[in-house]
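S.K.: With the sequences and hints as input, model every part of the structure.
Per this note's numbering, the sequence shown starts with residue 298, numbered consecutively.
Misleading hints may appear alongside valid ones.
[Unchecked claim] Below, computed lysine-lysine pairings styled on DSSO-like, alpha-carbon distance capped at 27 Å: (1) Lys529 <-> Lys497; (2) Lys345 <-> Lys497; (3) Lys557 <-> Lys734; (4) Lys444 <-> Lys420; (5) Lys734 <-> Lys529; (6) Lys345 <-> Lys485; (7) Lys318 <-> Lys497; (8) Lys485 <-> Lys497; (9) Lys497 <-> Lys444; (10) Lys345 <-> Lys692.
[Claimed, not checked] Label-pair distances were calculated between CB atoms; the ranges are: (11) Thr429 <-> Val517: 42 to 50 Å; (12) Ala327 <-> Ser411: 45 to 53 Å; (13) Cys567 <-> Gly536: 42 to 50 Å.
Think of the hints as simulated: they come from the structure by calculation, not from any bench.
All figures in this text were calculated on a predicted structure; none of them were measured in a lab.
Just so you know, even glycine gets a beta-carbon here, dropped at the ideal spot from N, CA and C.
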Amino acid sequence: MQPLISLNIINKHFGGVQALKGISLQIRPAEVHCLAGENGSGKSTLIKVIAGIHRPDGGRILTRGKSYHHLTTMESMRLGIQVIYQDFSLFPNLTVAENLALNCQLEQNKTFVSWKSVRQTAKRALQGLGITMDLDARLGELPIGQKQLVAIARALLQDAKLIIMDEPTTALTGLEVDTLFKIIRTLKDRGVAILFVSHKLREMLRIGDRFTVLRNGEVVAEGPVSEFDQSKIAFYMTGRRLDSAIRRTQEETGRQSLLKVRGLTGSILCDLSFELFAGEILGLTGLLGSGQTELALALFGMQPCRSGDMFVRGERRVIRSIQDAIAVGIAYVPEDRLTEGLFLAQSVERNVVAANLLNLRNRFSLVSLRRLIEHASHRLTELGVTFSSRGIPVKTLSGGNQQRVVLAKWLATKPEILVLNGPTVGVDIGSKQEIHKLFQQLAANGIGIIMISDDLPELAQNCNRILILSKGRLSHELKGSECDESRIEHHLAN
Numbered sequence: 298m299q300p301l302i303s304l305n306i307i308n309k310h311f312g313g314v315q316a317l318k319g320i321s322l323q324i325r326p327a328e329v330h331c332l333a334g335e336n337g338s339g340k341s342t343l344i345k346v347i348a349g350i351h352r353p354d355g356g357r358i359l360t361r362g363k364s365y366h367h368l369t370t371m372e373s374m375r376l377g378i379q380v381i382y383q384d385f386s387l388f389p390n391l392t393v394a395e396n397l398a399l400n401c402q403l404e405q406n407k408t409f410v411s412w413k414s415v416r417q418t419a420k421r422a423l424q425g426l427g428i429t430m431d432l433d434a435r436l437g438e439l440p441i442g443q444k445q446l447v448a449i450a451r452a453l454l455q456d457a458k459l460i461i462m463d464e465p466t467t468a469l470t471g472l473e474v475d476t477l478f479k480i481i482r483t484l485k486d487r488g489v490a491i492l493f494v495s496h497k498l499r500e501m502l503r504i505g506d507r508f509t510v511l512r513n514g515e516v517v518a519e520g521p522v523s524e525f526d527q528s529k530i531a532f533y534m535t536g537r538r539l540d541s542a543i544r545r546t547q548e549e550t551g552r553q554s555l556l557k558v559r560g561l562t563g564s565i566l567c568d569l570s571f572e573l574f575a576g577e578i579l580g581l582t583g584l585l586g587s588g589q590t591e592l593a594l595a596l597f598g599m600q601p602c603r604s605g606d607m608f609v610r611g612e613r614r615v616i617r618s619i620q621d622a623i624a625v626g627i628a629y630v631p632e633d634r635l636t637e638g639l640f641l642a643q644s645v646e647r648n649v650v651a652a653n654l655l656n657l658r659n660r661f662s663l664v665s666l667r668r669l670i671e672h673a674s675h676r677l678t679e680l681g682v683t684f685s686s687r688g689i690p691v692k693t694l695s696g697g698n699q700q701r702v703v704l705a706k707w708l709a710t711k712p713e714i715l716v717l718n719g720p721t722v723g724v725d726i727g728s729k730q731e732i733h734k735l736f737q738q739l740a741a742n743g744i745g746i747i748m749i750s751d752d753l754p755e756l757a758q759n760c761n762r763i764l765i766l767s768k769g770r771l772s773h774e775l776k777g778s779e780c781d782e783s784r785i786e787h788h789l790a791n
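M.R.: Here it is, written out as structure tokens:
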């Protein structure tokens with residue numbers, strides 16, 4: 298089959314850094330082509346070359362019988378190339394119908410908007426995917442899965458031939474992923490090609506037809522999905538064999554109780570009780586809306602419950618604020634590190650000390666610059682954060698290093714209880730394993746960890762016990778050998 302688009306020996310430099318080194322890639326019609334690689338491997342740069350955002354330094358782009366040195370953004374769209382970025386590039390204050398029909402209305406260049414036409418356009422777009430949705434719903438109020446479907450429907454209205462999906466399942470539940478994959482198969486049947494870019498290897502193996510793996514800006518492996526498995530892809534991505542040994546559970550008998558929750562009720566939570574022991578990694582999962590994040594916010598004082606008791610190291614504690622939580626040794630790493638965990642424009646070292654400034658004051662109640670730098674350097678070295686300078690903005694770091702900075706910030710408060718919400722979302726496989734090893738070390742040092750995740754392999758490989766929530770209640774508890782993916786998946790579905 299003739300390729301829809303071919304990239305031939307594409308090179309791209311940024312200053313002294315060569316981001317792409319002779320990349321050649323072919324994407325065929327009605328194909329799901331998976332693109333894998335660690336952060337910094339060149340995936341984002343390659344996407345932006347195809348989308349016309351970056352102009353390559355050399356090479357050719359062949360599509361629809363024409364050859365280009367580079368594409369502009371308008372040329373890329375006219376050729377049927379649409380990119381769905383992680384933020385979807387939608388308007389949260391507009392309705393579903395308005396988001397879908399906006400481009401069509403602009404193309405008509407009319408003085409007044411035809412609201413009848415807006416609704417007809419939106420309805421036609423959703424029907425094309427075989428889905429129904431409230432056209433008058435504000436987009437910002439919809440679940441992430443529905444926002445993604447709106448983005449896909451909008452792309453099809455632009456007569457998309459190739460849809461590039463950048464980390465499309467990062468924030469989706471298992472059921473939402475199933476819905477997305479059903480839509481992708483529908484698109485394939487219509488002849489649309491998909492470039493599927495993700496860190497989630499299992500999902501790519503499930504949906505993909507072909508694979509291309511990048512490392513350090515070069516293609517290191519390519520071929521049909523049948524030639525790959527998770528360990529082989531991980532090896533090509535990192536250049537090393539990764540250990541996926543499962544953490545051995547410890548006996549609870551004789552271990553110190555760090556946190557005991559009894560009858561916690563509020564918001565979604567309903568009469569929730571559990572216990573966390575020193576040195577334990579306790580997994581927490583459930584379908585969307587089951588209360589995992591609400592529990593994390595309650596433990597950290599951000600969303601106090603109406604009733605229930607918390608005991609920290611055997612003493613009853615009332616946690617009504619973040620300050621209360623920190624005072625009793627609880628730290629929280631939020632799900633969205635970019636908007637909730639980091640000051641993106643600030644330096645790496647300032648982010649590290651942000652939660653511990655009071656302890657860095659001198660006798661004049663001023664923060665000592667020397668102590669700040671020493672403190673930050675110690676934490677950054679301890680967690681293996683790699684960067685060119687402590688003064689660079691934290692937004693310039695890779696996802697794995699950004700997550701380490703968030704961890705460093707809260708570990709600086711010397712917590713005994715660490716609540717992790719989606720601890721490796723958007724982190725590449727090499728960094729992910731290193732972060733998991735860090736969690737194991739923290740647990741070995743006696744810290745109790747609550748790991749909230751919908752990544753079932755992550756839970757199975759790291760946790761001593763796993764709690765499954767359903768509609769704010771504890772539905773199942775898995776221990777020891779029960780903590781495997783199939784049993785977690787079974788209980789989530791029932």
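S.K.: For the pair supplied as a hint, Lys345 and Lys497, is the alpha-carbon distance within the 27 Å limit?
M.R.: 21 Å, holds
S.K.: May I ask you to test the hint 42 to 50 Å on the CB atoms belonging to Cys567 and Gly536?
M.R.: 48 Å, holds
S.K.: Compare the distance between the alpha carbons of Lys497 and Lys444 with 27 Å, and conclude whether the hinted pair is satisfied.
M.R.: 20 Å, holds
S.K.: Lying within 45 to 53 Å: is that true of the beta-carbon distance Ala327 to Ser411?
M.R.: 34 Å, violated
S.K.: Would the pair Lys318 and Lys497 pass a check requiring their Cα atoms to be no farther apart than 27 Å?
M.R.: Roughly 24 Å separates the two Cα atoms, so the pair holds.
S.K.: Quick check: does the Cβ-Cβ distance between Thr429 and Val517 fall within 42 to 50 Å?
M.R.: Since Thr429 and Val517 have Cβ atoms about 43 Å apart, the given range 42 to 50 Å holds.
S.K.: Tell me if the straight-line CA distance from Lys557 to Lys734 falls inside 27 Å.
M.R.: It holds: about 26 Å lies between the C-alpha atoms, which stays within 27 Å.
S.K.: For the pair we were handed, Lys529 and Lys497, check the Cα-Cα distance against 27 Å.
M.R.: Measuring from Cα to Cα gives roughly 14 Å; hence the hint holds.
S.K.: Does Lys497 lie within 27 Å of Lys485 when you go C-alpha to C-alpha?
M.R.: 21 Å, holds
S.K.: Hinted pair, alpha-carbon criterion (27 Å max): Lys444, Lys420. Please report holds or violated.
M.R.: 15 Å, holds
S.K.: With the threshold set at 27 Å, check whether the alpha-carbon distance from Lys734 to Lys529 stays at or below it.
M.R.: 21 Å, holds
S.K.: Is it true that the CA of Lys345 sits at most 27 Å from the CA of Lys485?
M.R.: 23 Å, holds
When each numbered hint is compared with the structure, a violation occurs for hint 12 only.
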